[in-house]
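*Asks:* Take a look at the letters that make up each chain.
There are 2 protein chains.
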Amino acid sequence: MVSRRYFPVSENQSRLDLFIDRMVSQRACLDYAIRQTAGMTGPVFELGLGNGRTYHHLVQHMDGRPVYVFERAVASHPDSTPPEDHVILGDVRDTLPASVERFGASASLIHADLGGHNREKNDKFARFVSPLIEPLLAPGGLMVSSDRMYFEGLTEMPLPEGAVEGRCFIYRR
Amino acid sequence: MVSRRYFPVSENQSRLDLFIDRMVSQRACLDYAIRQTAGMTGPVFELGLGNGRTYHHLVQHMDGRPVYVFERAVASHPDSTPPEDHVILGDVRDTLPASVERFGASASLIHADLGGHNREKNDKFARFVSPLIEPLLAPGGLMVSSDRMYFEGLTEMPLPEGAVEGRCFIYRR
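Residue numbers (the UniProt record's numbering), protein chains in the order written: chain A, 1 to 173; chain B, 1 to 173.
Don't take each hint at face value.
[What the hints assert, rightly or not] Which bits of chain A does chain B cover? Going by a derived footprint, with three or more residues having C-beta under 8 Å, they are:
id	segment
1	14-20
2	56-70
[To be verified] Pair by pair, the computed Cβ-Cβ distance ranges are:
id	chain 1	residue 1	chain 2	residue 2	range
3	A	50	B	121	18 to 24 Å
4	A	77	B	89	27 to 33 Å
5	A	139	B	127	53 to 59 Å
What the hints contain is simulated information worked out from the structure, not anything from laboratory work.
All C-beta atoms, glycine included, are put in the ideal place defined by N, C-alpha and C.
Work the whole structure out from these sequences, hints included.
*Replies:* As structure tokens, this is what we get:
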């Protein structure tokens, strides 16, 4: 019933099952990526704040690296609202290219959960935004995404324990 | 994996951790409650549709019992939108009392995830809505809630495996 929209889904999975898999995978991948990049000092970029749960998790587990949030309009939970000078406000189509000038290829970790309900739209956006994200990542840096991305020079990594195949992706420069 | 976390919330839990615990507990309690009430034929009530993920899960795992959704305004994912004649539209302050007349004490399973971000508000609402829910449940029926409820004649049950203490509650008539 839902299998046409997601990959790869067993037929008796509910949308609740899928959602839990996605959240659990996201956490497993972020925890892994934080550990893997622990020696790096470059900033962390969160693309899309939403409710702020993932931002809260990133900040809570971060080792002093600054976490910048790219968002069109901040509407997060009060507990998970970043300080103003760590918000890069605007459309990522503009703010990502502008950030290449500001930060260069310095990010130690970039996380994106850009996906909406529509799988085709997500994929189209992932294709569009991948080349805007790629030049921001430092050598050795990791990119964690809920959607498959389309990078030229990054390598897709195996998922850590606890993550569900197809629900999360990790790329390394 | 989740069993080590207990209520009250440990200080190094992020909002993402809490949210995952809540969703995982909700699913564990619903699966358990569906199995426990499998011999019953009375309707299932979902209080609050939201995005529709839990409704989708209930319908997918239900054994022919009708699932009615109580909601002020349907705004769910297209895949998880109930048929019109299974939506009880309006404020639960009105629709729950009206449903006692229509259905009597016949519900085999009632699920509520009414909670917003504000704990105090949730608790206040749980106190208000508990006596409106209680007369709808059939003898032997179960009530699953993400918030602690305040029932006169129902018994709180131990949580099934996989559910995290304090993230979900089960009551039996």
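*Asks:* State for each hint whether it applies.
*Replies:* Hints, one by one, checked against the model:
{"no.": "1", "hint": "14-20", "verdict": "holds (count 6)"}
{"no.": "2", "hint": "56-70", "verdict": "holds (count 4)"}
{"no.": "3", "hint": "A:50 / B:121: 18 to 24 Å", "verdict": "holds (21 Å)"}
{"no.": "4", "hint": "A:77 / B:89: 27 to 33 Å", "verdict": "holds (29 Å)"}
{"no.": "5", "hint": "A:139 / B:127: 53 to 59 Å", "verdict": "holds (57 Å)"}
In the structure shown, no violation is registered for any of the earlier numbered hints.
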